[in-house]
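As you go down the protein sequences, you meet chains A and B in turn. Counting in my numbering, the first sequence runs from 1 upward without gaps. Counting in my numbering, the second sequence runs from 236 upward without gaps.
Simulated from the structure, these hints should not be mistaken for laboratory data. Every value quoted in this text rests on a predicted model; they were computed, and no experiment measured them. Any given hint might turn out to be false.
Claimed, not checked - With the Cβ distance kept under 8 Å, some of the chain B side facing chain A (calculated, not the full set):
1. Leu297
2. Asp298
3. Arg313
4. Arg314
5. Asn324
6. Pro327
7. Pro338
8. Val342
9. Met345
10. Ser372
What the hints assert, rightly or not - If you anchor each label on the Cβ, the simulated ranges turn out as follows:
11. Ala249(B) x Pro156(A): 29 to 39 Å
12. Pro83(A) x Ala249(B): 21 to 31 Å
13. Gly81(A) x Gly410(B): 54 to 64 Å
14. Leu136(A) x Ser296(B): 45 to 55 Å
15. Ser402(B) x Leu136(A): 19 to 29 Å
From the three backbone atoms N, C-alpha and C, an ideal C-beta is built for every residue, glycine too.
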Amino acid sequence: MLLALSAGLYAMFLAVDYRWNWSGVWKYRAQFGLGWLTTLAVSLAAMVVSVGLGFLLMLGARSRLDPVRLLSSGTIEIVRGSPLLVQLLIGYYIIAEALQIREQVVVGVVLLGGFHAAYLAEIFRGAVESIGASQLEAARAVGFDRSQTYRYVVIPQALRRALPGTTGQLVSLLKDSSLLSVIGIEELVQKVKVMNAASYAPLEGYLPLAVAYLILTLPLARLARKLEGRFAYET
Amino acid sequence: MKLEATALTKRYGAHAALDGTAFETGAEARVIALLGPSGGGKSTLLRVLGCLLVPEEGHVSLDGRTLPNEEEGALAERRGNGFVFQGYNLFPHLTALQNITLPLREVHGMPAVQAEQRALELLHRLGLEGHENKRPSQLSGGQQQRAAIARALAPKPKLLLLDEPTSALDPVMTGEVLDVIRELAEAGQSIVLATHEISFARQVADWVVFLAAGKVQESSPASQFFTQPQTELAQQYLVGLSKYR
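Hey, can you work out the whole structure from these sequences and the hints?
Structure representation (structure tokens):
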């Protein structure tokens, strides 16, 4: 598959008679590596934030207390309904500034994690609400209280149903980390833009860029499929 | 045991599954069968008696003790009971063994080793030797129900409540499960059983509560109910059910 794709791309580049200039790209390899590490570190941290916060938002959206539920589902709708770019700009230049937080990476991780937390909250909520009434009744019947029912019955079963959606969301998060350049984080895409501009090579940097992202996203998808296999049981 | 209910009402939305009903059983009733047409309120009554549901109005008392009508008291009360439903009792992500040991450890505070011993003892007693580490989907319907009975029995419940435990099973599996229930009844376990298996109820029950349209129509010793039903509804029900068996 990958081979056929590469061959096709190669043929198309030949067809448009693109003149390669790899020497510029090679010169910036250290910067490229640094950007890749930044993307990796920021994304991993944001993933942790998004899963944790997404779980809390899901619990909030299912709360029996009206204010908690309204606040949580309102947050989810507003965050999902507006562009990440706007959230990053306002979050960093207005909110973080007002709160005197100047650490770009910290703000970036929180904003990126928070954005995807809203999506994950809905993926988690769908999974939790798909657990049937008979399972909830069985949990009550064996004497579990509310938190035991969540811990031993709902979450283990919901986990498996949430897994495919969650993987997709985390892959999106990884790619969205490229937007963090607008608040001055020198992640991979930003490094490539600088590199392309400096070496007068408009496209060369983007091919290794795509590969660098695939090196991160493909193992993620693989790991998820492995986990799905581990949780596989018929219901 | 003596069960007593007064003005019992339980609604689902506008529908009253139990409609201000009252009844009492004899003081010596031990195996009580809840009989009656589908939709008559058997399952709801069984859940209220076992404190799995709390009624909106009215009270249940067991041997003179009024059962709690709020969730916290009901939780404590139902931890002393065992339940088996029509199907989907077991947790699909756990093995038969884990299905039994998890509540023993987490609800009843039993040490892990002891819980496993108790679970194995019950699984073997109910003919599930060799199936301990299978998930529910790897068991037949009859095996699943027997594992569910084992789970319900594990904490030594005062009362075992069975809601149509064989309705989803074929005749062979039904036989397997009914054998187990009869053995339990003969061994002295207190049981409340909602069922359509009329000839089985005749064999094991010593008391019958007959419900239709959300109301208890008749509550009488089994020997009396099956030979001389008092209400016309009960007579029609018995005739209809014995037509083809």
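A quick look at each hint next to the structure:
1. Leu297: violated, 17 Å
2. Asp298: Because about 21 Å separates Asp298(B) from the closest Cβ in chain A, which is outside the 8 Å limit, the hint is violated.
3. Arg313: holds, 6 Å
4. Arg314: holds, 4 Å
5. Asn324: Where the cut-off is 8 Å and the nearest Cβ of chain A is about 5 Å from Asn324(B), the hint holds.
6. Pro327: Given a least distance of 5 Å, the restraint on Pro327(B) holds.
7. Pro338: With a closest approach of 4 Å, the Pro338(B) hint holds.
8. Val342: Status holds, d = 4 Å.
9. Met345: violated, 12 Å
10. Ser372: holds, 4 Å
11. Ala249(B) x Pro156(A): 29 to 39 Å: holds, 36 Å
12. Pro83(A) x Ala249(B): 21 to 31 Å: violated, 46 Å
13. Gly81(A) x Gly410(B): 54 to 64 Å: With a Cβ separation near 59 Å, Gly81(A) and Gly410(B) satisfy 54 to 64 Å, so the hint holds.
14. Leu136(A) x Ser296(B): 45 to 55 Å: Check failed, 28 Å falls outside 45 to 55 Å.
15. Ser402(B) x Leu136(A): 19 to 29 Å: Holds, at about 20 Å.
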